[in-house]
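K.L.:
Each chain, letter by letter, is given below.
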Amino acid sequence: DAEITQSPRHKITETGRQVTLACHQTWNHNNMFWYRQDLGHGLRLIHYSYGVHDTNKGEVSDGYSVSRSNTEDLPLTLESAASSQTSVYFCASSAGTGSYNEQFFGPGTRLTVL
Amino acid sequence: GENVEQHPSTLSVQEGDSAVIKCTYSDSASNYFPWYKQELGKRPQLIIDIRSNVGEKKDQRIAVTLNKTAKHFSLHITETQPEDSAVYFCAASWPGAGKSTFGDGTTLTVKP
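Protein chains in written order, with the numbering used here: chain A, 636 to 749; chain B, 138 to 249.
Okay, chain A solo, but in the shape it has when bound (with noise of 0.2 angstroms):
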């Protein structure tokens, strides 16, 4: 069955290191999207990607980048690890270009920065 991964699925780092977060999907969607998740504030979107080599900057993009180089993968880097970015961490994705599209999500990655 097709599905939507993320690794780790929890992750302890110390601040001003690197850190990458995997996204894996193999439903072929062209959308895929990060969010963060904190109390009292929902799902703040990071950053989205279209398709293979595009990217685009979200609500909540200051810290953070992705790179596009597959379909299937979307990996957000935090550059350098703020105690600000300990967070639950959704990847999704959803088909097509248009609007009316179900976002599918992975099961979250919890990452706690020190």
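Be aware that one or more of the hints could be misleading.
Claimed, not checked - Derived lysine-lysine pairs resembling DSS-like cross-links, with alpha carbons at most 30 angstroms apart:
#	chain 1	residue 1	chain 2	residue 2
1	B	194	B	208
2	B	194	B	205
3	A	692	B	248
4	B	195	B	248
5	B	194	B	174
6	B	179	B	248
7	A	692	B	208
8	B	208	B	159
9	B	159	B	179
10	B	195	B	159
11	B	159	B	248
12	B	194	A	692
13	B	174	B	208
14	B	174	B	159
15	A	692	B	195
16	A	646	B	174
17	A	646	B	179
18	B	248	B	174
19	B	205	B	248
20	B	174	B	195
21	B	195	A	646
Hint data in this document are derived by calculation from the structure and do not stem from the laboratory.
Dock chain B against the given chain A, drawing on the hints supplied.
P.N.:
Positioned in the frame of chain A, the structure of chain B alone reads:
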């Protein structure tokens, strides 16, 4: 850009009662309004959605209504059960966009 406001942030009901969660959006061009349910420790999952050419949509105990003029939409859950306890997110997206703007979520607790 689009802004979505969701109310209430927390909602507690007795089992069997109804629950209503309301969202307003700012961009009149938005035309797709999904609702996601997130159980504790799990990922958000779509439970129902509505397009702008429809005023109401039902699926068993859940329904969504849309008022385009007032730019608000609501989730209605009837005959609530303990397993309905979760965080519910509304979202809005607009033509040509693959992405949605989410509300801040409503934590629903159904007391047995």
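K.L.:
Take the hints in turn and mark each one as holding or not.
P.N.:
Here is how each hint holds up against the structure:
| no. | hint | verdict |
| --- | --- | --- |
| 1 | 194/B - 208/B | 17 angstroms, holds |
| 2 | 194/B - 205/B | 14 angstroms, holds |
| 3 | 692/A - 248/B | 41 angstroms, violated |
| 4 | 195/B - 248/B | 24 angstroms, holds |
| 5 | 194/B - 174/B | 17 angstroms, holds |
| 6 | 179/B - 248/B | 21 angstroms, holds |
| 7 | 692/A - 208/B | 26 angstroms, holds |
| 8 | 208/B - 159/B | 11 angstroms, holds |
| 9 | 159/B - 179/B | 23 angstroms, holds |
| 10 | 195/B - 159/B | 16 angstroms, holds |
| 11 | 159/B - 248/B | 21 angstroms, holds |
| 12 | 194/B - 692/A | 33 angstroms, violated |
| 13 | 174/B - 208/B | 22 angstroms, holds |
| 14 | 174/B - 159/B | 14 angstroms, holds |
| 15 | 692/A - 195/B | 35 angstroms, violated |
| 16 | 646/A - 174/B | 25 angstroms, holds |
| 17 | 646/A - 179/B | 17 angstroms, holds |
| 18 | 248/B - 174/B | 18 angstroms, holds |
| 19 | 205/B - 248/B | 33 angstroms, violated |
| 20 | 174/B - 195/B | 16 angstroms, holds |
| 21 | 195/B - 646/A | 40 angstroms, violated |
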